[in-house]
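4 protein chains.
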Amino acid sequence: MSDVKKVVLAYSGGLDTSVILKWLQDTYNCEVVTFTADLGQGEEVEPARAKAKAMGVKEIYIDDLREEFVRDFVFPMFRANTIYEGEYLLGTSIARPLIAKRLIEIANETGADAISHGATGKGNDQVRFELGAYALKPGVKVIAPWREWDLTSRETLMAYAQKANIPVDFAKAGKKSPYSMDANLLHISYEGGVLEDTWTEHEEDMWRWSVSPEKAPDVPTYIELTYRKGDIVAIDGVEMTPAQVLTKLNAIGGANGIGRLDIVENRYVGMKSRGCYETPGGTIMLKAHRAIESITLDREVAHLKDELMPKYASLIYNGYWWSPERQMLQTMIDASQEHVNGVVRLKLYKGNVIVTGRKSDDSLFDTRISTFEDDAGAYDQADAGGFIKLNALRMRIAANKGRSPL
Amino acid sequence: MSDVKKVVLAYSGGLDTSVILKWLQDTYNCEVVTFTADLGQGEEVEPARAKAKAMGVKEIYIDDLREEFVRDFVFPMFRANTIYEGEYLLGTSIARPLIAKRLIEIANETGADAISHGATGKGNDQVRFELGAYALKPGVKVIAPWREWDLTSRETLMAYAQKANIPVDFAKAGKKSPYSMDANLLHISYEGGVLEDTWTEHEEDMWRWSVSPEKAPDVPTYIELTYRKGDIVAIDGVEMTPAQVLTKLNAIGGANGIGRLDIVENRYVGMKSRGCYETPGGTIMLKAHRAIESITLDREVAHLKDELMPKYASLIYNGYWWSPERQMLQTMIDASQEHVNGVVRLKLYKGNVIVTGRKSDDSLFDTRISTFEDDAGAYDQADAGGFIKLNALRMRIAANKGRSPL
Amino acid sequence: MSDVKKVVLAYSGGLDTSVILKWLQDTYNCEVVTFTADLGQGEEVEPARAKAKAMGVKEIYIDDLREEFVRDFVFPMFRANTIYEGEYLLGTSIARPLIAKRLIEIANETGADAISHGATGKGNDQVRFELGAYALKPGVKVIAPWREWDLTSRETLMAYAQKANIPVDFAKAGKKSPYSMDANLLHISYEGGVLEDTWTEHEEDMWRWSVSPEKAPDVPTYIELTYRKGDIVAIDGVEMTPAQVLTKLNAIGGANGIGRLDIVENRYVGMKSRGCYETPGGTIMLKAHRAIESITLDREVAHLKDELMPKYASLIYNGYWWSPERQMLQTMIDASQEHVNGVVRLKLYKGNVIVTGRKSDDSLFDTRISTFEDDAGAYDQADAGGFIKLNALRMRIAANKGRSPL
Amino acid sequence: MSDVKKVVLAYSGGLDTSVILKWLQDTYNCEVVTFTADLGQGEEVEPARAKAKAMGVKEIYIDDLREEFVRDFVFPMFRANTIYEGEYLLGTSIARPLIAKRLIEIANETGADAISHGATGKGNDQVRFELGAYALKPGVKVIAPWREWDLTSRETLMAYAQKANIPVDFAKAGKKSPYSMDANLLHISYEGGVLEDTWTEHEEDMWRWSVSPEKAPDVPTYIELTYRKGDIVAIDGVEMTPAQVLTKLNAIGGANGIGRLDIVENRYVGMKSRGCYETPGGTIMLKAHRAIESITLDREVAHLKDELMPKYASLIYNGYWWSPERQMLQTMIDASQEHVNGVVRLKLYKGNVIVTGRKSDDSLFDTRISTFEDDAGAYDQADAGGFIKLNALRMRIAANKGRSPL
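Protein chains in written order, with our numbering: chain A, -15 to 390; chain B, -15 to 390; chain C, -15 to 390; chain D, -15 to 390.
Calculated from the structure, these hints are not laboratory results. It is possible that part of the hints are untrue.
[Claimed, not checked] Away from chain C, derived, C-beta distances all over 10 Å, residues of chain A:
(1) Val29
(2) Ala239
(3) Asp282
(4) Glu284
(5) Thr351
[What the hints assert, rightly or not] Straight-line alpha carbon distances no greater than 25 Å define the calculated BS3-like cross-link-like pairs of lysine-lysine that follow:
(6) C:Lys331 to D:Lys331
(7) B:Lys331 to A:Lys331
(8) C:Lys213 to C:Lys199
(9) A:Lys385 to D:Lys343
(10) D:Lys295 to A:Lys295
(11) B:Lys295 to C:Lys295
(12) D:Lys295 to B:Lys295
(13) A:Lys199 to B:Lys199
(14) C:Lys343 to B:Lys385
(15) A:Lys331 to B:Lys199
(16) C:Lys385 to D:Lys147
(17) B:Lys295 to A:Lys295
(18) A:Lys37 to A:Lys(-10)
(19) B:Lys213 to C:Lys385
(20) B:Lys331 to B:Lys295
(21) C:Lys232 to C:Lys331
(22) D:Lys147 to D:Lys42
Glycine included, each C-beta is placed from N, C-alpha and C at the ideal position.
From just these sequences and the hints, can you work out the full model?
Structure follows, in structure tokens:
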């Protein structure tokens, strides 16, 4: 274990990654560089600096990545109307490749030969961190303490912390949430605890980012979202940056009880697990993006996107953001968004996201043709006869050969 | 036009199909057989008998098809979690192949050589009726009056009716809904009128089957749905037939403001059109089916179903229910449902369908493995290292050849 | 029929299109612009000028489109390893969108409001011409004489020609090939005649571009093809233009009995038809392109291309070259070819195309890892254990629940 | 390592698996059951009995699995026209699940708690054996000596053999093929040696099952293959069992220089490797199966099969034969073969497999419709106009909005 000289650690400043920091120093006898990111998780990142310093870290990176996160990861993903297994908006999955990228960039800047993270050996996050790291820096060494060490219980971990003089906030540790949580600007997630029984209802006081539909206002909120090439660029006419858009939608959505989810999902490592998620802004974005596409996208382009979406979602869920196949698919998805411009009007009410209007200079909705009123010859109904006849031909031939399903 | 001897007409008893009945007699000088089906549209079908008799029809078919509709069409479709274009539950689409089947069965029974329907030349329904008819009886002649006649305005139609002594309920005709509607046990749909402007909000008084979320009860309703091989067989422990299940879920869902939808969709004939739909029971079924599958279905089986679903949905939307490719896909979908057994608990509240629990003797959720607690060796975290390494290998080789995305 | 002022006709100079030319003048009383293209069909195009002039045509277009054809249509298609229904290299299909494009360009240049072609109402070519035309100029009028006129037999056509003083080469007309043929730089096709019986063997003297394997040389020919971004840029080290590449490969392939095909295919209009094809150069290109991709393309990129290829092939076969979904797919396919550079060595012998070597500076084939010899630690075999264990996990859980296939 | 009581070893009787046998006895101090299968590899299996006995094995299984192999594995795979990466007929891959199945069946019969095989840690076969084993018996222990032991060079292996008195045929060992080979009734494969340089041509004397095209007869061989539900049941009218069919086709194909392949493929474990394959019978079967499907299969069924084939091929290549998703796909593939009956006539000549005819009582080829001659009204060419118009509608609307590609 002596061959590691310097390791970049994804460091939150919390107890677990503080123990990891110390354990890396002890076990690998190597220098540790800490990296702490503000991805919109809603906690201060600056305090991590003093903690790292106190543990002898010389190179400390603290980055505000919120704009990069939404602009280069969240928005591209939403261009595909991405949902994993019909339900999950991939809030955790989409943040991992950005962290992997920064870990490697910092490793390159500081001359580190290894990276380390605090994800366990049972979850998807280890895969996402490490596939990203290997794709970006093939020779990097990855240290995943949870797969290596013997601090496998809360007690041994706490003991290690005390022995190492790591300042444990016992009050906080004692009141520790019963859930394993992850948060960023797109969502907050909950796993473990009572959720491990799939039949037990989630507890109301678990949720942190949204009020319940019951407690949401009795009057609806209306908003208008402006799209340019598939991305939201303004809310109610006010231009905003990507992170500002998502921050604002989280606030509005959360206040209206929008975006809660309780599912059992299939992990890449082969097991099922239950997760609860709050994704207020993302839930609004998905609905609105489909609405603006519904008037601006060609039918077959939309259908092709829908057919490829599950594959694209699995790639992100499984940690293949930096793979060539994800990049290839993205090329196509981005190309499809050229004309996805316009405005969507939404009504938000107690958990509901209701589309009440969509308009666009690029709209392909042609009232002259689809109208129930007189269309002045824009569409010749007689064409439909031939259309149907030829589409039916192969089935008629088959039925003539005795293959009618009747 | 003299080569048609007998035609089976899909007859609702309303003004339009009454005019068609008369027009067929006049134009083709042929005998007309009427077929009226109860698909759960919520209107009496018996009155159609007297109307048909009054117009000289000798062979009158009035069928209650509700059980067949839900058992053989709706339920098989929901096994695939079918959604068209990310939103639409295919309420109109799924009823058409059953009507096509009965039209052809009746044609065979009565020796008719033609069928006729009241769908226009701009919509999807003509395609669905006729593709089905040709697949089941390849030599049948199809008469689609709206593509043939010159009664293209409301006025000419009414004039024809009066001249033909067709009893027009002028009170009703005058108060006619501004929308083109279709209803069956799965849904009711609205098109036309103010909906032709995609930016105009739908009107509250348009909806017929559901209260608004605003007017729904302030206390949630909990229900438990029991699944057997992918189909619901009991609600709150009470065994029911398929049609009873859907009827009950429509009532519960509608009372809780569930299942309203306002979308712009892409028709098979090539245009975009806006539709509003109420699908209270179907909306509940989709959510619940995904929940029961989430614990009972293998991951890759679920993903394969998700990848094929858009194709399957398009087949149904486009009218290819009776095609060999839809039947082939169904074989696979049905085979996947062998172990989809168990119970789902739902909370229904003001438009929200919230899963609060799912359990099954066939559950693949294995707490011993996924737990955050000690798993007693059920899962070896060290395996994850090799798993990731080999999955990363191709990307590491590529990065070594200079293809790192960084 | 008086509303057409000027029509651009795809004119070969042969009897059929000469009759069409005259028929258009007679029937529509409009001006006709002729367009004759050299697509490498192996016949002189210049003679069409005098014939058109003799019939009073004032605007005559004769274009050599061979380079554009191969560069912008054939090569992009081969980047996807495109095959229709497992066999057909789409020789006819890929030429049609170029002809459609030129027809519309000429219509725009000459102010014509219509186009016309000589394809029948049963085939795919009418669809390909017309879908292209409508996509490029939505208001264009299309005249398809074979779907309109009554010259439906050879006799009536000849009579019309004689009456119109169209110079019929009776000698040639008498000795007319029993096959319906189409040729361009990619292939020559044969349909009809004895081929209409699927059990009858094709006749040896039908083939025109290749010797039979029996008559090919007894010694093999070796060639080396150099690829740059997925396209062949040199043969045996000699740089060539796209059309030169294909011309050369046709010559070499044809001389070695390569590229004959006899299949039954499914037409877009709903029927099956039998076609025989000679595609000497294309057959070589497909094999070679797969070979160069085999060492330069990432596995998952290659697999994704393979999964989408049938869809892409159907789009081209069905005439959707100019559709947005084909263009979207092309974006992705082209992006995948960035590293498809290198050299492929082939042995050609009596109908066989045998890959005997491939090399590339962008090769991902890493002998250090895949070797059966000592790999000096480049690959840790122990990783495979964890890889397999986690990939098997979901199946083990299922088997534990009684789902073992045994 | 003391927890293994009895292990079933896939035993060929050769040097490597003999060393493994001894090593298992030494290392695990456990009883070994040997299993030797005749899969048509062309070597005697009986001699393995005496060798095993000599090493103290009490339970010896020697099975002739040729019929089961072709009937339950090869034929089902060919129903899908399965090819991996456009070239490879999966000869090795398809035998592994059968061996896995027998290993587990024997483990169940003999009360063994482990299985073992001689596949290395770099290849696909370990994955195929082990995924199969885990899916069929989730608690089984798998011993893969090549991933565990230190006999990593030829020398140490030979030394171990000598020390253990394993009778090494030094003459044979000395003349050992430079290639790593695998054979069964479907194919023989070659890897390693000079093939590790992708630019080096394979050597003529490597091939064992086929003559070169150059040495094949100068006169073609004609054969007729009879299909029933997608499987060949007779050759030249003589009914045969599945294994007889494949044996016969191998003989005919090999004699005519058919079925050689030299490719670079992507292994599941992440690396590229070069393989040479001889698959004489399989090459004939693939071509013939497509031919019989071409007249009996519905177009959309055929296309759906083509779109899913790459996925199905990857599943088999990667070792997922016993997975639920492969079984689900098989359900659909088998259902599609109901009408795939008839006869295909082939001409075999110096490496070429040429289809010269196909006929079937279930043929959907309808000459009355597709004929170039008068069709007596079977097809109304005017229908094509409407068909094209509606298929073009969405592109015309888009072009009207300024999206024409021109």
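Verification of the supplied hints:
no., hint, verdict
1, Val29, "holds (33 Å)"
2, Ala239, "holds (38 Å)"
3, Asp282, "violated (4 Å)"
4, Glu284, "violated (4 Å)"
5, Thr351, "holds (17 Å)"
6, C:Lys331 to D:Lys331, "holds (22 Å)"
7, B:Lys331 to A:Lys331, "holds (22 Å)"
8, C:Lys213 to C:Lys199, "violated (36 Å)"
9, A:Lys385 to D:Lys343, "holds (14 Å)"
10, D:Lys295 to A:Lys295, "holds (12 Å)"
11, B:Lys295 to C:Lys295, "holds (12 Å)"
12, D:Lys295 to B:Lys295, "holds (16 Å)"
13, A:Lys199 to B:Lys199, "holds (15 Å)"
14, C:Lys343 to B:Lys385, "holds (14 Å)"
15, A:Lys331 to B:Lys199, "holds (15 Å)"
16, C:Lys385 to D:Lys147, "violated (46 Å)"
17, B:Lys295 to A:Lys295, "holds (14 Å)"
18, A:Lys37 to A:Lys(-10), "holds (16 Å)"
19, B:Lys213 to C:Lys385, "holds (16 Å)"
20, B:Lys331 to B:Lys295, "violated (31 Å)"
21, C:Lys232 to C:Lys331, "holds (15 Å)"
22, D:Lys147 to D:Lys42, "holds (22 Å)"
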